[in-house]
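Visitor: Given next are the chains, with one letter for each unit.
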Amino acid sequence: MSEPISLALVILVLPLAAALLTASWSGEILKKAAHWPLIISCAVSTVLAFLLVGQVTDFATGRIISSPVTWFAAGKLKVNFTITIDALSATMLAMITFVSTMIAVFSSGYMRGDKGYARFFAVMSVFVFSMCGLVLANNFILLVAFWEGVGLCSYLLVGYYFEKPSAAAAARKAFLVTRLGDTGFLLGIFLLWRMGGWHTDLTALFDHIQKNPPDQGTLTTACLLLFCGAVGKSAQFPLYVWLPDAMEGPTPVSALIHAATMVTAGVYLLARCAPLFALSPDAQITVAWIGGLTALLAAFIALAQTDLKRILAYSTVSQLGYMFLALGTCGAISPTFAVTAAMFHLFTHAFFKALLFLSAGSVMHAMGGVIDVRYFRGLRKRLPVTHITFLCGAAALAGVPLLSGFWSKDLILESLTEASESNSPYTAGYFTLLLLAFFTAFLTAFYTFRAYFLTFWGEEKIPEEAGHHLNGAKGGVHESPSVMTLPLIVLAAGALLVGIVLEPFTHWFSDFLGTTPSLGQVRTPSAVSVKGEEHHFNWTIAIISSVFALGGIGLAAVMYRKGEEKLPAGLEPVFTLSRNKLYVDDIYYAVLVKPAEVLAFLARVFDGFLDALSRLVAAIPRFIGQWIRPIQNGLVQFYALWMAMGLAVFLSFVFRITR
Amino acid sequence: MSTFPVVRVLVLLLVLLPLISAVLVPLCGRLARRVSLVIASTHLVLTGVVILAATETLSIRAAEEIRIRGDIEAQPFHPEFVPGDTGGRHGNEQRTSWTLFSLSAVPAKPGTPGPNIQFYLGIDGLNLWLVALASFMIIPVILVSWESITEKPGAFYGWLFLLQAGVVGAFLAFDVILFYIFFELTLIPAFFLIGRWGVGSGRRDAARKFFLYTLAGSLLTLIGVIGVVVTNPHPATGQLTFSLPDLMVNVQHHMHNAHQKALAGDPSDLAARHTTQFWLFVALMAGFMVKVPIWPFHTWLPSAYGEAPIGVTMLLSALMAKLGAFGILRLVLPLVPDAAIQYGLPVIGSLAAFGIVYAALCAFASKDMKMVIAYSSVSHLGFLVLGLFAFNREGLSGSVLHMVNHGLSTGALFAALGFLLERYRTTEMNRFGGLMGRFPGFAFLTFILVLASIGMPGLNNFVSEMMMLAGLFNARNPGVQGLGLAVVAALSIFMSAWYMLTMVQCVFFNPLKEPEPVTAVAAPDVTRREFVLLGTLVSLCLALGLFPQLLINTMKADVRVLSIVGDSARARVQGVPYVYEDEAPPPPLVSPGPPIGAPGPKGKGGGFKGKGGKGKNPLIGEEE
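Respectively, the protein sequence lines represent chains V and A.
Quick note: the first sequence uses our numbering, first residue 1, plus one each step.
Quick note: the second sequence uses our numbering, first residue 1001, plus one each step.
These are calculated hints, taken from the structure and not from any lab test.
What you are looking at is a predicted structure, and each value in this text was computed from that prediction instead of being measured.
All C-beta atoms, glycine included, are put in the ideal place defined by N, C-alpha and C.
Any given hint might turn out to be false.
Unchecked claim - Listed next, the stretches of chain A that the computed footprint assigns to chain V, with coverage defined by at least 3 CB atoms under 8 Å from CB atoms of chain V:
hint	stretch
1	1153-1164
2	1232-1241
3	1254-1266
4	1450-1458
5	1461-1472
6	1491-1505
Whole structure, please, built from the sequences with the hints as guidance.
Guide: Structure representation (structure tokens):
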């Protein structure tokens, strides 16, 4: 076993060990110190992951695949435990472990005193383990295993406050909606298995399909089925409805799982499967449209929400839509560029969205659990650190020039521009999507700063609950302890700087990710022009997007600087529509959930009917018996009569034949 | 092959021990439950020894490659450790000499000896783990019944052992009539267990319905069994046989000859045989469809599961439901393969697929947790039947594995309900809530079992479900258009999560709500007995989910036999010559040169040899 593989395995095993340790000792020793195993294992894993990133560029073929160990195999199905390390997985690994460390530290302060403290950290450790496994897995079924593993952790953590009915319902909803997507995912995997030379190992499967291009229709079907899984996990239209509800979980969970890592698994999946998707332009444009529509839809819904965490949740949905937009151009443009754009946005988004959620958590901590922006105002004096870090995150998300979000969004817009200029059959579609993306950027800036102004500006207003808060007992509402603010500051630095350092001038990120072998080998169908790896900065796009971003912020400042929600008369219906989430949840309930429940009820009723039917069949012999029972009346004369008659008939019959 | 005389005795004991206990335990009176536990543990130890011996033998056989020659199609099952084997006579195929009953008066032709009904037991890859399941599951059943059965415990445990004897016997039998006898034997104890110790007011009715319904079905199966025997005499001597391996060879031979004629331009013989097979298929399936059960013949199940005491429900779901599926595997697939290909997936498969969705809906609408799990069992077993009728290696291995997995996880879920029954005497869902805070230990264990049941990776059901799904994707059966069945099967994985998590949400989440407890003191979390019980089941689920290959390897050789039968049937139905296709090219032989004992290349129409030489590996020939 080579050194990088063992390194990766150590990264994988550490959180698992932490989980086992926390779970098995939660009763006694670790009750108060349950956070240490997770923090230590995450910190060590982070260091190792960065070591791994350093090693990846030295790999001869750009990747290392561990020797497979059979999990199960029968006939043509062979499923192996096997992992692969390349630039893509190393990047993800570094990002996951780093953000996890920050959030683990934050949680140790945020969750302190909660009665499920140990349970929280045990499940978080399992989550980090599963997430690392997900990005390392080199086998589709193994990937599904970790994929479901993160889903399970999400379920458990959304339902962390299990006594709260809304949390219990949200947990079930999150699991089921993503599971619906996973059903498609599984079908897609087996369809690929069937046409891809019966391979389930990712690398072998991709090689086989590269060499024997399959039927276009089947490939598109398989790609779209895989995309189903991504749509569920990454909360894209039409399966995004679970993510806003998932905010019922503790805030660090929202930050780690429902913003920075798990929800990006779908993006990672498509990036990993880029060699397949690039072969199918139809699948690509579908991905792009779903991404674009989701981005717009979610941004629109975020406009009028009042729950701070839900605003951020819809914003996550919207930003994930951006990533899928970029992934959808792969094939029309160089897959390396498309994937880099998406992954870079994923990377920067992880920083600023985790930051925003943790800041929101800090606000919630201070407000005694209240998170509705209608109930508090003007907190910038009370929570100075949180205010600044939230501002950093909001600016990065809004795409303020020179901050992380600006650079990564710029790459996505550029990839769309290039796609609309390529000779792909769908250039008009890509151009429409580009316009859509610009408009969404404006909305993003607007709703982000709406939330910011409503929370931190205007006249100070603090809800009653904050007074009862444990920490606030002495001097009223005050800033969170340093164990919470420290991660905020680190992440804020990341949100500000990580973009400008890694990409626009140095091209470190794209150069590094470009070494991923699966991206380099992609052969796009027909003669789609694949532009060179080097892309230059597009001033037009940068300026337009800056104008949109600053415009959105400006508008928000004009409307909400006073910290009050006053709407111009004309916008009222629009905001009502947005506040009611476009009625999507209600429509789903009326069209899908309720009919399914009614159908189930009818099936149960019908089952009783079926039972009655079988009883009816069983009753037939008894019925016949009752009908002929009078013959057995016990009168000997009667029997004798019948006997004689029978004999007579029989004898006459016999004699007629013999005659 | 290697002869382990001791293991043969043990195989015999696997059936005899529960039979004897069934008589002895009722005499023990108040000590019955302790004695039963000891006996059940002894049985488990015996099974363990048999497994140890068998895994080695079976793995050796799985590693061997079948040599391609003319009569490749004529592959029988290879029972190992057959009690009463005289050895030597038949090469590496073990036969028993213990004849129960000789039907010398009914020779197929004048001058030939009549068939013998034999006490023919044996272990092979298909039944090994099911026997293990049957041997193991009785222990949780005893532990669950520990406190709850107070009325005549001796008789109760006696009937339990009789039921176990029937199930183990049916799994082990290699004589079709013996199989049928054991198959029906299980009805009697089940009838009394439901009727006398049942919990509901409708228990007698439920027991009667269960008994009559399954009996009505399985009498048709008996007709089918006899029909198969009568229509498939030995091709050369015309002798009838009840021995399953011999029957398989005869069936394959007759079909092969008819196929050759059809290829040569005379399809009448093949058509006639297909018609015969169709009717035999209908008759055989009648009993198994009720037993599995497949929609719409499942209506005995909700009442039987609901009225039976929880331990018996465990046995019914974990073991008896497997008998139906095992019957399909053991009798239907090898004995009427062409009909199984023609009508298996299109007709039975469609019913099963419909049943998957239907039962899932019923499970969702059920208010009693016992009913939820009962219906979920119907849904899962529909998936299992789909996997069986895909009739290829992935599907068959997956189905056999799923029989074990499903038995384990469903039985375990019922055991978990036993926990609630003992404390509250009810499993009504709406009366519970927030038990996660009340019983954290119980909630943790049950939650893992729920996860196993909804196919969470890392736990047992996921593996077998993936294999069956692969089997459906690789199904090449004519008449199956597209992947509709695979889509329904995949949907079932979603639907299981739908109803199970709804149950979890209601019972374990939400604010605390508990019905009137049985005892005055507050009900405790898992006791030591319950912890051992549920903990063992949970760890087995985990072990089978992480290391399933151990099981799959042992069944490989027999799955291969069945898949060859399936492939040749497929070729006959499609009217193309059969070509043997192995999963991988045969590895190079250790000794170069022409293999000893293997006949030279022969045409497809080559003569049919006696049972002796075929299937025998030349390497083994050298050893002898």
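Visitor: Give a verdict on every hint.
Guide: For each hint, the structure was consulted:
1. Counting residues of the stretch 1153-1164 of chain A whose CB falls under 8 Å from any CB of chain V gives 0; the rule of at least 3 is not met.
2. With a threshold of 8 Å between beta carbons, the proposed coverage of the stretch 1232-1241 of chain A by chain V is violated, since 0 of its residues qualify and at least three are required.
3. Three residues within the 8 Å Cβ limit are the bar, and the stretch 1254-1266 of chain A against chain V gives 0, so the coverage statement is violated.
4. Under the rule that three or more residues need a Cβ within less than 8 Å of chain V, the assignment of the stretch 1450-1458 of chain A holds, with 4 such residues.
5. Counting residues of the stretch 1461-1472 of chain A whose CB falls under 8 Å from any CB of chain V gives 7; the rule of at least 3 is met.
6. Counting residues of the stretch 1491-1505 of chain A whose C-beta lies closer than 8 Å to any C-beta of chain V gives 9; at least three are required, and the coverage claim holds.
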